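Quick one: dock chain against chain with the hints and give me the complex.
Spelled out, the chains give:
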Amino acid sequence: MRVGLFIPCYVDQFYPQVGLATVQVLEHFGATVIYPAEQTCCGQPLANVGLADDARPLAQRFVDLFSEYDYVVGPSGSCISMVRNHYADLLGEEPRYLELQRKTYELCEFLVDVLQVPEIAGRFPYRVGIHQGCHGLRELRTGSSSEIVGASFNKTRKLLESLKGIQLTPLERPDECCGFGGTFAVAEEAVSCMMGRDRILDHLQSGAEVLTSGDMSCLMHLEGLIRRDGQSLRVMHVAEILADCCAQSKTLP
Amino acid sequence: MTTHLDHPTAAKEFVANDERAHWHDQALWFVRKKRDRVAHALPEWEALREQASRIKLHTMSRLAQYLEEFERQATQLGAVVHWATNAAEHNQIVLRLLTERGVRHVAKSKSMLTEECGLNHFLERHGIEVVDTDLGEWIVQQRREHPSHIVLPAIHIKKEEVGQLFHERLGTTAGATDPQYLTEAARQHLRQEFLRAGAGITGVNFAIAETGGIVVCTNEGNADLGVSLPKLHIACLGIEKLIPRAADLGVFLRLLARSATGQPITTYSSHFHGPRAGGELHIVLVDNGRSELLASDDFRRSLNCIRCGACMNTCPVYRRSGGHSYGVTVPGPIGSIINPFADPAAHSSLPGACSLCGSCTDVCPVKIDLHHQLYVWRRRLAEKGLLSWSKRISMKLAGAVLRNPTLYRIAGWFGRNSLRFLPRWLVYNPLNIWGRQRELPVPPAQTFRELYQIDMENKNSLGDNSHG
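Those sequence lines, one after another, are chains A and B.
Residues in the first sequence are numbered consecutively from 1, following the working numbering.
Residues in the second sequence are numbered consecutively from 254, following the working numbering.
Hint data in this document are derived by calculation from the structure and do not stem from the laboratory.
This structure is a prediction, so every number in the text was calculated from the model and none was measured.
Some hints could be false.
Claimed, not checked - Sample of chain A residues with no beta-carbon within 10 Å of chain B, all distances over it, derived: (1) Val-63; (2) Leu-91; (3) Ser-206; (4) Asp-244; (5) Ala-247.
Stated by the list, open to error - Simulated DEER-style distance windows between Cβ atoms: (6) A/Glu-27 to B/Lys-411: 54 to 60 Å; (7) A/Arg-234 to B/Lys-712: 27 to 33 Å; (8) A/Glu-161 to B/Ser-481: 57 to 63 Å; (9) B/Leu-660 to A/Leu-201: 38 to 44 Å; (10) A/Glu-161 to B/Pro-432: 43 to 49 Å; (11) B/Ser-714 to A/Glu-161: 38 to 44 Å; (12) B/Arg-422 to A/Arg-228: 44 to 50 Å; (13) B/Asp-551 to A/Arg-228: 36 to 42 Å; (14) B/Lys-411 to A/Ala-121: 15 to 21 Å; (15) B/Arg-397 to A/Glu-161: 53 to 59 Å.
Idealized CB from N, CA, C, for every residue including glycine.
So that you can see chain B by itself, here it is in the shape it has in the complex (with noise of 0.2 Å):
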């Protein structure tokens, strides 16, 4: 999924609409609040970010001896594992299985794998029908759009949109609003969606090498009910979702819940050890650009994420520019990582969507130090000569102003005299982008250089022996 929008120009959109920008700002945060109350109940919450972060950087070190191991272990299961090198492999794999099967009806759970290989477009157009059963993901699938937020897919919509949709969709009542109402009107059309479906394609949060075994975490139930009631279950996992051993998943599951949306522990976490009897269990792990993630020393430790979405809850710039204005599949600061990496061009100004305030860095669970890898990329992508021109040439002129004291004394005088004697519409032009909703600073006759000098002298002259 891209757009042709920066991310300045689609955030500047959002903001115009002052009340929902503020709605969305403040649904966000109050999940940032629900997160810090859990967190802060917990004594060990520092201890438990290290151990997570120590075991998925170990993990990465040896990838390739975990991916090994988690293979020879779930097909001893009996789970059939398949490997895809970019999203068009994934695509086609799921697509050759079902449709050996003659499966035309799939109940997805929630996955931003599948999302990021655009899996469902790809089977709609080879006549396969995917409903996405996460109420969220199913929502969004109604509207045609794609989700902003990995774990709270819908955020942007409020409850009087999903009050019409459904009206249009499934016959609730004109203006109803009521959430139980309306879920519950969802409960029962994904029922019959569930009873219809051929397979079950959920995602997976983490695959444990140790045992084989994967899990998937859940808070409505859907992707055990989409698995369990069709012979078929798929699970796509991109290739980071693994963990050495069982006992490392208690670390994991007390921080990704605790961390998304401020619960203790998500509702369903579902452990699933080969497939269910008489039935079949297909892996598929995914690359897609995460080896070279892997082997790059700026950008590896983005690896370590669980997806949780802390880091977009926290984040000021995504909660008043909402999710849909990154153009990605995965938004927010993790987002602005990754998405550069596949594609640094298209999404440039990411790295710039972002104040360094350094928030994610702290709240994020396995200690990725997002905005440090957001700060390392705008060198990178200023070396690859993909910084914009305005920046290029305001701070390229002011690099040669600044390295020389007398040059710096010059420019300073003219601008500080500019502010203070040209008429206001001159100084508050067009292309004063600053002055647009700001004053500029009042420029002093005499910079802070000059009075020290003359407070130097008056102590001179007075014979002031304070410094000596």
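If we strip away everything but chain A, and leave its shape as in the complex, we get (with noise of 0.2 Å):
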């Protein structure tokens, strides 16, 4: 199985032990993973401010670069989300990109429905708080939102569950936005750090010590509001939690 790893252009940039923590539980569970290396971005900053013309000839590249994988992986629920979802207002019914929105699946939703990985082993023995990326849940559903009526799933509680030793905290506000929003966070900078802080701030009364999430993009945000303020809540994508639980049941005897 030959998979195209997708690594959002932010990732790339400032968290490539999340890109390689990615790498490490694709191949741990048999996939081949191969990086094609003239990838940037996907094109969704540019969509989500209307420049859809702009954003056109990124979707158009990235339907170029990974069409011949037979999937494509990335640890983003709301760049796949942009792939899958919005690609279609840019390129229309375009074959190829057709075939490539079947084929293209966030980390956790790609491990428990393409891999159907059962359970992880290895320690994280730690009190961890999910933080719900809304696109992930919300537009790719791997996971059941608060709001919709029906049977109560989620993709990457079920894999963090699966680890000795974890704990999950349970918060007030379970699938409340963090705030991030692409440019929303600059553009609406004042609302957007007060719903940061008082995500934080819910996970801290929950008493979690980690703080995870399948978007690195909201826990970029978190992530500074914490710094900033002096808080000790430690900040992992569910990636680098998975890889590291992998690489432990390797050394195991």
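Put into structure tokens, the structure is as follows:
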């Protein structure tokens, strides 16, 4: 199985360890991971402010670079949602895109839905708070949102729950937005920071030691506030936690 | 109602009072939680939403036909139906009905449409006194404000402030904040207003094409009292309030109160089928831009709206910026769709007052794809040249860099190394809006791409065959 690895631009530049962790997890479960080195950005920042004509060439580049793989996987619910749900507005019914749309996955949903990983061996003996990135949750449906009535499920939680020693901490508001929202974080800076601080407080009050998410962009915003406010809450992308546990199981006798 | 402030500026002012902004957020989150409890108690909730959405989409696809059917049936019941193209026509029709009958005092129950049309000010200018009889609306009317929420018009006002207002206007004890005591004082006062009124004006929640009947939902019974004493009842509604059959009503009544306030049903769902004996019922059907919305492939679905306010209660931005920060009659996610439609330039900041979290889309009882429509709005605003220059310049530049992998690498290298080696005071300069309250990421020496290549070379030199 050849997996085209999609590393969002800001992960490439600022969080290389999240990309490396993604490679480790995918390889651990038997995928052949290939990183197309010419990739830059999915175009979401441009599309989100409304510059569709500027985003279109980036969408086209993405399709050109990733069409050849069996699957495309990336450690970001938001960027994957851009490809799966919003490229249609830019590229229409282009057959190569429609094919790509079907085989593009966020990391946790790929592990659960495609690789059908039942559990991950390894210990992570910490109290962990999950921040649900909104696009993963409500656009990719990697979990059930608190608004919708029906069976409750969550793919990120399912993987984390299988780790030994982990305690997932309950939140007062389980899936409220952190306020990152791309350019929203700057254009609506006051509301954005208030939203972020409210999320952090909810996690701190629930006793979390580690804050994790499938979206590093939410965590970039939250970590920025945590560091400025001098709070003690460690921030890790879910891939880093899973990679840590995969590495442990390798070294186990 | 318009204001000169754009949303980020008005929101910043609201957020600056941290204690009050959190109080507002928590008051509305409480309503959202109540909604969750009653919605999750109905296993058929999602089926109801789907049904409601389909009924509305069907109605909108044949709106002209249903409006004419409604007019025929309502007329047969003895009501008089008026058609208004816009707010000015609506206001003129209402004024004429009142002046022809010599009415000087009007008891009005809650109607967002009359707010939209600016009816109160218009009638007051013509010497007619209008009293809002919904308690929340009466409070904002006394404060010479506009509602900040379509269902909870005075949600932005604390009970201490209500106590002070009542002390000044109604002579209640200074410092009294007991809701029961204050409500009773308002009740006694409003009783006199009801007795004095020469006409009752109401909004309409649902107009039934099949029967010609209209349904008004209130929690205070003020609509019933307001139209039962005087001889003249004027009911004003936007043309999107139509539903085809009486049988459809149950779907919406079950969704409306649960979504709006977390109640299983509104306290009073009053049905009016023609005028009461000896009275007159005039129904004013108002377009005011709705036909253009109906013609829009992008935003037609926003006409599904039943004005429950659930999108406001759930919106993390609305809860923290307050309804007045939107500067419009209908604020929040739905307001950020319909207001730019009326005047894109005046309301160009509203589609950006959204983190695209999608909670509104999931909570909406009639399944309007709210956050997607806000996303589409941003594109339409950019096409109209209404994107702010800072967003346009920065994103145009980003686009040029991101289209070229070499430029991307060079720009990334400069960016990371500036963060690594420039002094803090220079990085956190006044133009760095991100850095006002937040740290920037700690820049690594190498990118993922570089580290991945090193990794691959090591693996190859070790003869690692894990990629085979």
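We went through each hint and held it up to the structure:
no., hint, in the structure
1, Val-63, "holds (14 Å)"
2, Leu-91, "holds (14 Å)"
3, Ser-206, "holds (16 Å)"
4, Asp-244, "holds (17 Å)"
5, Ala-247, "holds (14 Å)"
6, A/Glu-27 to B/Lys-411: 54 to 60 Å, "holds (57 Å)"
7, A/Arg-234 to B/Lys-712: 27 to 33 Å, "holds (30 Å)"
8, A/Glu-161 to B/Ser-481: 57 to 63 Å, "holds (59 Å)"
9, B/Leu-660 to A/Leu-201: 38 to 44 Å, "holds (40 Å)"
10, A/Glu-161 to B/Pro-432: 43 to 49 Å, "holds (44 Å)"
11, B/Ser-714 to A/Glu-161: 38 to 44 Å, "holds (39 Å)"
12, B/Arg-422 to A/Arg-228: 44 to 50 Å, "holds (46 Å)"
13, B/Asp-551 to A/Arg-228: 36 to 42 Å, "holds (39 Å)"
14, B/Lys-411 to A/Ala-121: 15 to 21 Å, "violated (54 Å)"
15, B/Arg-397 to A/Glu-161: 53 to 59 Å, "holds (55 Å)"
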